[in-house]
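Using my numbering, you'd call the opening residue of the sequence shown number 145 and step up by one each time.
Treat the hints as calculated values from the structure; they're not laboratory data. In this text, all values refer to a predicted model and were calculated from it rather than measured experimentally. One or more of the hints may lead you astray.
[As the list claims (entries may be wrong)] Pair ranges (Cβ atoms, derived):
hint, residue 1, residue 2, range
1, Gln193, Lys240, 25 to 31 Å
2, Lys205, Thr172, 23 to 29 Å
3, Ala171, Lys205, 26 to 32 Å
4, Gln193, Ala170, 14 to 20 Å
5, Arg167, His235, 17 to 23 Å
6, Gln193, Glu173, 15 to 21 Å
Quick reminder that beta carbons are idealized off the backbone N, C-alpha and C, glycines included.
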Amino acid sequence: MKPTQLLPDATNYRPPPALGDMRPIAATEPQHVLYRGRVRRVRAVIVAQHQRHRYYVLTFKRGHAPRDAHLCAIGPRGQRHVNGVVVRSDHCTPLKAGLR
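Throw the hints in and build the complete structure from the sequences for me.
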């Protein structure tokens with residue numbers, strides 16, 4: 145499954161990197177991250193094909209995803225009220241299991 149619709153940043157558009165397939169969360173990946181001052185659940189991990197970066201698919205309610213996230217909004221099947229937003233891993237802070 146690949147992200148299909150990309151929303152450009154309103155201030156400075158850069159083409160998105162080539163992303164690989166989404167994969168389930170491994171035991172070494174964080175279950176929750178701190179992104180823009182709020183705790184978000186990680187739904188999946190995407191590894192970039194030509195870079196060493198990882199991207200997290202974070203949970204947002206529909207209509208609440210940040211407009212300037214240079215990334216894409218994904219709607220999982222069967223859950224109309226939830227969007228996924230792809231965020232680079234170094235733009236968020238991983239949280240340990242007990243700190244949520």
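Evaluated hints:
The hint said 25 to 31 Å for the Cβ distance between glutamine 193 and lysine 240, and at roughly 30 Å that hint holds. Checked against the hint of 23 to 29 Å, the pair lysine 205 and threonine 172 passes, with Cβ atoms roughly 28 Å apart. Hint check: alanine 171 to lysine 205, Cβ distance near 28 Å, so the stated range 26 to 32 Å holds. Between glutamine 193 and alanine 170 the CB atoms are about 18 Å apart, so this pair conforms to the stated range of 14 to 20 Å.
At about 19 Å, the beta-carbon gap between arginine 167 and histidine 235 stays in the expected band of 17 to 23 Å. Between glutamine 193 and glutamate 173 the CB atoms are about 18 Å apart, so this pair conforms to the stated range of 15 to 21 Å.
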